[in-house]
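There are 2 protein chains.
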Amino acid sequence: MPANLTDYMNHYITIIEQEITNQLEKLEIPKPLKDSMLYSMNAGGKRLRPILLIASYEAFANDYKKALSSSVALEMIHTYSLIHDDLPAMDNDDYRRGKLTNHKVFDEATAILAGDGLLTYSFEVIANDPLLDEKQKIEIIKMLSHTSGPNGMVGGQILDMQAENRESNLQELERIHELKTGELIKFAIYTGAYLGNATKEQLQYLEEFAYYLGLIFQVQDDILDVTGDEAKLGKRLGSDEESKKSTYPRLLGIDGAIELKNQYVTSAKNALKKAEVEDSYLMNLTEHFSKRDH
Amino acid sequence: MPANLTDYMNHYITIIEQEITNQLEKLEIPKPLKDSMLYSMNAGGKRLRPILLIASYEAFANDYKKALSSSVALEMIHTYSLIHDDLPAMDNDDYRRGKLTNHKVFDEATAILAGDGLLTYSFEVIANDPLLDEKQKIEIIKMLSHTSGPNGMVGGQILDMQAENRESNLQELERIHELKTGELIKFAIYTGAYLGNATKEQLQYLEEFAYYLGLIFQVQDDILDVTGDEAKLGKRLGSDEESKKSTYPRLLGIDGAIELKNQYVTSAKNALKKAEVEDSYLMNLTEHFSKRDH
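Chain order of the listed sequences is X and F.
As numbered in UniProt numbering, the first sequence has no gaps in its residue numbers, which increase by one up to the final residue, 294.
As numbered in UniProt numbering, the second sequence has no gaps in its residue numbers, which increase by one up to the final residue, 294.
There could be a bad hint or two in this list.
Since the list gives no way to pick one copy over another, a pair counts as held whenever it fits inside one copy or between any two copies.
[Stated by the list, open to error] In silico DMTMM-like pairs for lysine to aspartate or glutamate, Cα to Cα no more than 25 Å straight-line:
1. Lys65 x Asp255
2. Lys232 x Asp129
3. Lys34 x Asp160
4. Lys269 x Asp133
5. Lys135 x Asp107
6. Lys269 x Asp93
7. Lys65 x Asp94
8. Lys65 x Glu167
9. Lys46 x Glu276
10. Lys104 x Glu134
11. Lys245 x Glu134
12. Lys66 x Glu17
13. Lys142 x Glu28
14. Lys142 x Asp35
15. Lys66 x Glu139
16. Lys99 x Asp35
17. Lys291 x Glu134
18. Lys26 x Glu278
19. Lys46 x Glu178
20. Lys244 x Glu172
21. Lys135 x Asp160
22. Lys104 x Glu278
The hints are simulated quantities; they were obtained by calculation from the structure and are not laboratory data.
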């Protein structure tokens, strides 16, 4: 295992991206569909969710290979949600990470279907992993469908849309982010630890950790929309400002948002200590997430 | 088991619709999402696919209950595909089965998310069925993701779009329908028989049966677009005529299309005989499908 976080992340980004390519290239499907799925899967994502999943696995076990199919499935789910989110009927974004969005390169119909395809295929990837037994596969599929579906991310998207043009309080804001972003982070942390044979008690503390990590992620997103660097972020800033949508800086001021984020970091680290994995890369990743500039 | 096909179908429609309601009503999710998912699930579908799955199960075993979760999951997948298919970026349909389409009642963003929600939830429904063991769940999830995803239905949608404004030959037409319609029918027949403990040989013949049944389904759809009754069908006829899209009547003439359908019916029935289930309701359903008027 590489000794510093950057090497660690780069090491696994290479492995994850190789596996994404393997899983998609072997599909014998119509070319425009494959091209569209591949385009978004390779459009410069930071792979934070799959790295989290692997880091959570490695907090308890060795050799990432058992965690790889879930990591790739998770990235497929995340990517499908971005494709659908960018559609004209949703956020109507032309660019993401400095690249044209899927429906701008292909067309809207293809983008909708590429999203549907990635979502569906993510379950097939897990179901076919020869390294997992049936019990593990079912546990992961339960968790993935629950955290990404109507009870989780999809529900969060609806709440986010409803909040678009009105003000929310801090509690409502947290609920939106818990579902929209937090649930997939929970999947990453839970699944990694589950496959690594964490105890029930450890899994409970890690859910607590995932909860705070999801919030850190989102507060930092809101902070970057005010203070970030457009070139690094690959998107136009101040977009939150233009809508009436509530954000942490708007509700708490920029200093208040930073203060809250630091509280979340403390809570996240405490949860890791209680789970007895404070010497894992999850600790460094928490720090990394809270300070990321893109 | 009711003695005639109409009673048989009505009997199971009631059971299937009750289970759809059970599965959706228990979701604690944002109201617009739930309403939108429920609206399309209850918008007058004929439940042909879930009935087929149960009939296939009952060709080999008693008591439909083990087949119910897969039937409902299949209907969710079918319904999500209709919601996305009706979107302005796809077929842009305002009505389906005489009722407003999902995005006309709600909005496009909600319709996209309701489709995503149903698709994702279908896997959760299977994964949580207490009547199935883990091996069965994984086998079904493999089959469902494969037949409904990029390798199956989603791939068929892309081919169908590509064929929209150009002429296809009979072979290309069959390939589109095999993926777009046939794969879910294959799922229905295979899963029912698999759960009913059919032998490998029987499963093979049933796959052959499903192949012909899917084609019967589609030829009849094309025939109804020319000769059907708008009131019964709940949609405007002649829509195929307006696009350049190839259909069976256009390639073969209306008599040729009927002749081909009858050949498929013979082949389908022969496959049932080889599987030794010629006294099951699958036989009656084949007849029913080939003669349906809506």
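Cross-check of the supplied hints:
| no. | hint | in the structure |
| --- | --- | --- |
| 1 | Lys65 x Asp255 | neither (42 Å within a copy, 58 Å between copies) |
| 2 | Lys232 x Asp129 | neither (36 Å within a copy, 46 Å between copies) |
| 3 | Lys34 x Asp160 | between (30 Å within a copy, 15 Å between copies) |
| 4 | Lys269 x Asp133 | neither (32 Å within a copy, 38 Å between copies) |
| 5 | Lys135 x Asp107 | neither (40 Å within a copy, 39 Å between copies) |
| 6 | Lys269 x Asp93 | neither (35 Å within a copy, 52 Å between copies) |
| 7 | Lys65 x Asp94 | neither (36 Å within a copy, 48 Å between copies) |
| 8 | Lys65 x Glu167 | neither (45 Å within a copy, 47 Å between copies) |
| 9 | Lys46 x Glu276 | neither (27 Å within a copy, 55 Å between copies) |
| 10 | Lys104 x Glu134 | neither (40 Å within a copy, 42 Å between copies) |
| 11 | Lys245 x Glu134 | neither (44 Å within a copy, 44 Å between copies) |
| 12 | Lys66 x Glu17 | within (16 Å within a copy, 39 Å between copies) |
| 13 | Lys142 x Glu28 | between (27 Å within a copy, 16 Å between copies) |
| 14 | Lys142 x Asp35 | between (29 Å within a copy, 23 Å between copies) |
| 15 | Lys66 x Glu139 | both (14 Å within a copy, 20 Å between copies) |
| 16 | Lys99 x Asp35 | within (15 Å within a copy, 35 Å between copies) |
| 17 | Lys291 x Glu134 | neither (39 Å within a copy, 42 Å between copies) |
| 18 | Lys26 x Glu278 | neither (39 Å within a copy, 39 Å between copies) |
| 19 | Lys46 x Glu178 | within (20 Å within a copy, 38 Å between copies) |
| 20 | Lys244 x Glu172 | within (14 Å within a copy, 50 Å between copies) |
| 21 | Lys135 x Asp160 | neither (34 Å within a copy, 38 Å between copies) |
| 22 | Lys104 x Glu278 | neither (44 Å within a copy, 52 Å between copies) |
The structure shown violates the earlier hints numbered 1, 2, 4, 5, 6, 7, 8, 9, 10, 11, 17, 18, 21, 22.
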